[in-house]
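Trainee: Residue strings, one per chain:
Protein chains: 2
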Amino acid sequence: MNSEYRISLDAAELISTGAELLNGRSINSHARTLGGRLNDLGIRIRRDTTVPDDFDDMVDALNGAIERVDLIFLTGGLGPTEDDVTRDAVAHVLGRNVVMDDASLKFVRERYQQYGRTLNAPGERQALIVDGAEPLINRVGVAPGERIETENKVLFLLPGPPRELLAVLEDHVLPWLKEKKRDIPESPSESIFLVCGLGESNLVNLFETHGFPPRGIAVAYGASAGRVELRLSSKGAAEPGILDQARSRIRSLLGSNIVAEERVELEEVIGRLLKDRRATLSTAESCTGGMLGDRITSVSGSSSYYRGGIIAYDNHMKTQWLGVSKDVIEKDGAVSGEVARQMAIGVRERFGTDFGMGITGIAGPGGGTKEKPAGLVYIACSDEHCAIAKRFHFPGGRELVREWSCVTAMDMLRRMMVEDDLAESIG
Amino acid sequence: MNSEYRISLDAAELISTGAELLNGRSINSHARTLGGRLNDLGIRIRRDTTVPDDFDDMVDALNGAIERVDLIFLTGGLGPTEDDVTRDAVAHVLGRNVVMDDASLKFVRERYQQYGRTLNAPGERQALIVDGAEPLINRVGVAPGERIETENKVLFLLPGPPRELLAVLEDHVLPWLKEKKRDIPESPSESIFLVCGLGESNLVNLFETHGFPPRGIAVAYGASAGRVELRLSSKGAAEPGILDQARSRIRSLLGSNIVAEERVELEEVIGRLLKDRRATLSTAESCTGGMLGDRITSVSGSSSYYRGGIIAYDNHMKTQWLGVSKDVIEKDGAVSGEVARQMAIGVRERFGTDFGMGITGIAGPGGGTKEKPAGLVYIACSDEHCAIAKRFHFPGGRELVREWSCVTAMDMLRRMMVEDDLAESIG
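Keeping their order, the protein sequence lines are chains D and F. According to this note's numbering, the residues represented by the first sequence are 1 to 427, in order. According to this note's numbering, the residues represented by the second sequence are 1 to 427, in order.
Isolated chain D, as found in the complex (with noise of 0.2 Å):
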């Protein structure tokens, strides 16, 4: 079946809708989620024309890439209110009715039964759909998505909110492109790293010292908080094994400092150690205020090995519930290595767990002071053996500041982890 599929599905184009993507209220992520797993499958997205909730600016949109490709994707517009006029364009343009979907509407009627919500008319607006499209059900909302088939094009019509363009996507959409799709690229031709412990400049300069990248590899690098993602990719016609050569030397160039080969968050990969070790893990958090147990429970399954932890925003909390010593607090203040290794160790002993982890800092912007200016942040580790406590200085405001915080516990946690089995393993 795959080779005879008569529309051409090596090009694309994205009609995004919505007044909120061009009055500076939200940004517009679809081009990415689409973007990068189209790239996957050997599908370039030639365009993304953005449009307010406007019947003709639509349609207009959609007359020019009828034009110029076979695969369209309009995301946006497939709401219940009034401004949601996604359907009604494209039917325009293709010479087609809006008709409602018997079996659209018994889902949609479903959902809003199972949220205790009665459906009322803008509602079962929700179960329209162009006459002739395919729906396409939507796992985490309401109005499903729409594959439309014409003698010589194919369109899906998508929901707006990125969760649920991309569940769409990924239950809908993909497989079926992968299903046509007559040469999809074989084996990826990248590589991932994800790493912690050096900046961004810092891995610049060390590529730089060593002469990496080698000749028809490049490398890309996504920043966030406390971590960096690395991207090898083979240009153009490289040999084979060059990129597999360039795996090995980021390895040893490396080392521990990398997190995982994958694309995945340090969450997930502390869950997986803990996991491995049957180990449990508690928190107890200051200047985070629960974004650490937050992160960290953001993991399906992750009760298996985090049993909880304390959020002691409070001096006084810090005494009381974690046996943090009064004295300490006042020789060193509550921000200082000492008060994060007692929170480490207290909170530890408290829950019963295997590992225990503490964050104080001042995340700003206010209550710095020259010695302790926001962004000063310790963190401490805890184990049956030892308790390790470092200092760091975070940059940004606060928000990051925090969010550098819980990267960085977490990388803690793990070094500590495959640390121990280096020393099993040699001792």
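If you're looking for bench data, these hints aren't it; they were derived computationally from the structure. Bear in mind the structure is a predicted one, so any value in this text is a computation, not a measurement. Treat the hints loosely; a few may be bogus.
Intra- or inter-copy, both count: the list cannot distinguish identical chains.
What the hints assert, rightly or not - Straight-line alpha carbon distances no greater than 20 Å define the calculated DMTMM-like cross-link-like pairs of lysine to aspartate or glutamate that follow:
#, residue 1, residue 2
1, K370, E110
2, K372, E110
3, K153, E179
4, K390, E403
On the provided structure of chain D, position chain F as indicated by the hints.
Mentor: Frame of chain D, contents of chain F only:
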């Protein structure tokens, strides 16, 4: 001078260039950056067309934009590499040449010296401009931007890196537009309402039933987990006072579901309410794993009312640390109204605060049963007089259920505080 400028500055288009914006590597933030700032000046972005670094695509996109509007922004493609073709494409469309600009070359050379690099031929290309353009010095980078005026169009060429774009925008573009634009809106012609307790389709339905909005007023909806931001704006030359009238209608239709009448989030609103009352708060979280504490402490100055909390991810921790009855957990299960209530009471007593909150639920995707499906969450709020628990079934996957839980919990606290006021003023 102002009133004589001959080119319409009411509508603009944006053309963003760069393959990385279409293959999933980078997110396109230009529309958001420009959109917000232009909106403040009464300039509406009508379309954002993103194309790869390709001469023909850029020429095509620019020709389209020129047909529709007089004010056009192009971003990216001004750098030293061969795929930087923006200037060439613009010059081609306008029938002009690309020329070396001496002042820009001097600036580029100084920049290179400053960074300790030698200016080579590719580097020098950054001083090329479209003949007749006004170069716009780039305070944080190398390549200058350009302003090009023709008889009836104005084009701005802006650097692609977001920091550089913002600098050129603020240093050169916005001041120029402010001088030329005839009718910068004096007072904002829109009103914001943050609403909790009614979903988007409830609102649509309520408004339809009550014949809202009146002629001349448009309503836009920005919904995310647990809250909807309503934006009322007066369309065209609506009579003065019509927006005030619409605001009053909204207040009487939505009552205490209105959280705030400004662009603000719940954590700030409850922070202000707590501060006003000199009241303190503590939290007991299970399925949200610290996210509620994180949201509350994301507000600078939250240490004046938030004491901290317990993350009781494990059932044993709920009894040990919060005094939740073992019998109740056995009888009703850990996900039950009574457990949420006891959590809210327990944390309030233990942390010695005026208010306490408890959340227990099943975030999913695993862990659900037919009686207690994923998405089922109990939230409780306690003060010195009472503790109330409510049952919710939230939509979406793990992260969305957790977000809904936190937003709904904060809204429960808000209502408790606001209704206390009401009771006091009546009693």
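Trainee: All hints are to be evaluated individually against the structure, with a verdict given for each.
Mentor: Hints, one by one, checked against the model:
no.: 1; hint: K370 <-> E110; verdict: between (59 Å within a copy, 15 Å between copies)
no.: 2; hint: K372 <-> E110; verdict: between (56 Å within a copy, 17 Å between copies)
no.: 3; hint: K153 <-> E179; verdict: within (16 Å within a copy, 47 Å between copies)
no.: 4; hint: K390 <-> E403; verdict: within (16 Å within a copy, 32 Å between copies)
Checked against the numbered hints above, the structure breaks none of them.
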